[in-house]
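Enquirer: Note that the protein sequences, when read in sequence, are chains D and G. Just so you know, we're using our numbering here: the first sequence kicks off at 1 and counts up by one. Just so you know, we're using our numbering here: the second sequence kicks off at 140 and counts up by one.
Please keep in mind that the hints were generated in silico from the structure rather than gathered at the bench. Just to be clear, a hint being listed does not mean it is correct.
What follows is a set of in silico ranges between Cβ atoms, one per label pair, in the way DEER data are often shown [claimed, not checked]: (1) D:G130 - G:A164: 41 to 47 angstroms; (2) D:D89 - G:S158: 42 to 48 angstroms; (3) G:R166 - D:H23: 55 to 61 angstroms; (4) G:F183 - D:A3: 30 to 36 angstroms; (5) D:D131 - G:L173: 41 to 47 angstroms; (6) G:P202 - D:H39: 27 to 33 angstroms; (7) G:M140 - D:D89: 39 to 45 angstroms; (8) G:V178 - D:E37: 46 to 52 angstroms; (9) G:W141 - D:R5: 48 to 54 angstroms; (10) D:G88 - G:H162: 43 to 49 angstroms; (11) D:H39 - G:G180: 23 to 29 angstroms.
Idealized CB from N, CA, C, for every residue including glycine.
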Amino acid sequence: MSAFRLRSEPIDGDGLRRALQAHAAGGFCSFEGWVREQHQGRAVLRLDYEAYDALAQSEGDRILAEARERYAVVAVCCDHRVGTLELGDCAVWVGASAAHRDAAFAATRYIIDEVKKRVPIWKREHYADGDSGWIHPEA
Amino acid sequence: MWVDVLYFASLREMAGRPSERLHTAARDLRGLYLELRGVRGLTFPVERLRVSMDGAFAGWDTPLREGAEIAFIPPVSGG
Numbered sequence: 001m002s003a004f005r006l007r008s009e010p011i012d013g014d015g016l017r018r019a020l021q022a023h024a025a026g027g028f029c030s031f032e033g034w035v036r037e038q039h040q041g042r043a044v045l046r047l048d049y050e051a052y053d054a055l056a057q058s059e060g061d062r063i064l065a066e067a068r069e070r071y072a073v074v075a076v077c078c079d080h081r082v083g084t085l086e087l088g089d090c091a092v093w094v095g096a097s098a099a100h101r102d103a104a105f106a107a108t109r110y111i112i113d114e115v116k117k118r119v120p121i122w123k124r125e126h127y128a129d130g131d132s133g134w135i136h137p138e139a
Numbered sequence: 140m141w142v143d144v145l146y147f148a149s150l151r152e153m154a155g156r157p158s159e160r161l162h163t164a165a166r167d168l169r170g171l172y173l174e175l176r177g178v179r180g181l182t183f184p185v186e187r188l189r190v191s192m193d194g195a196f197a198g199w200d201t202p203l204r205e206g207a208e209i210a211f212i213p214p215v216s217g218g
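So here's chain D without its partners, still in its complex pose (with noise of 0.2 angstroms):
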């Protein structure tokens, strides 16, 4: 299984991960995401996440795949949250199943780390203050 998905119900983290067993795999790893409550010393109310749909899911989908080419895996998944996000939801759930675990990490770490580089995916916080922005990192 290779799938991107951008979802706006909850994401079923335990759904992924029996998704990606497989009798091949000896080993597992996922990363999640979740809603934090302070954003550079600003207290955050929630969230919203929205993405450019088409071309999130075709970089997406080309992590994945390049996840597969660089690392051992067997199957590895993605799920990421468009809307309205409260603390402690789990806004990304990547995972990734493997012969051995060393690829397991490495690319679940390599599919984040591109996820956040790359996916056009926007996050806007809402802060306790009243004050609300999207959130554009500087290079």
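For chain D, the structure is supplied; the task is to place chain G on it using the hints.
Expert: Coordinates of chain G only, in the frame set by chain D:
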């Protein structure tokens, strides 16, 4: 030529709209952005953006195509 432009996140707020269809005399993607920077008050310099045409990332010097869908991609913050 006629093109469709999509705006996301802060660019949408600056432009005051999620998208527009416009007629441009620009020849390439950089020229289109510079034209719209002035018209729509977009503050991002070209260097901080990426650009896509018809759903694929493209270089700024890529010639425009009639009827193309162009999106300016401000720095992303997913993940």
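Enquirer: Compare the structure with each hint and give your call.
Expert: Going through the hints against the structure:
1. D:G130 - G:A164: 41 to 47 angstroms: holds, 43 angstroms
2. D:D89 - G:S158: 42 to 48 angstroms: Check failed, 29 angstroms falls outside 42 to 48 angstroms.
3. G:R166 - D:H23: 55 to 61 angstroms: Holds, at about 57 angstroms.
4. G:F183 - D:A3: 30 to 36 angstroms: holds, 32 angstroms
5. D:D131 - G:L173: 41 to 47 angstroms: Between D:D131 and G:L173, where Cβ atoms are some 31 angstroms apart, the hint is violated.
6. G:P202 - D:H39: 27 to 33 angstroms: violated, 40 angstroms
7. G:M140 - D:D89: 39 to 45 angstroms: holds, 43 angstroms
8. G:V178 - D:E37: 46 to 52 angstroms: Because 40 angstroms falls outside the window, the suggested range is violated.
9. G:W141 - D:R5: 48 to 54 angstroms: Since the Cβ atoms of G:W141 and D:R5 sit about 33 angstroms apart, the hinted range of 48 to 54 angstroms is violated.
10. D:G88 - G:H162: 43 to 49 angstroms: Because 48 angstroms falls inside the window, the suggested range holds.
11. D:H39 - G:G180: 23 to 29 angstroms: holds, 27 angstroms
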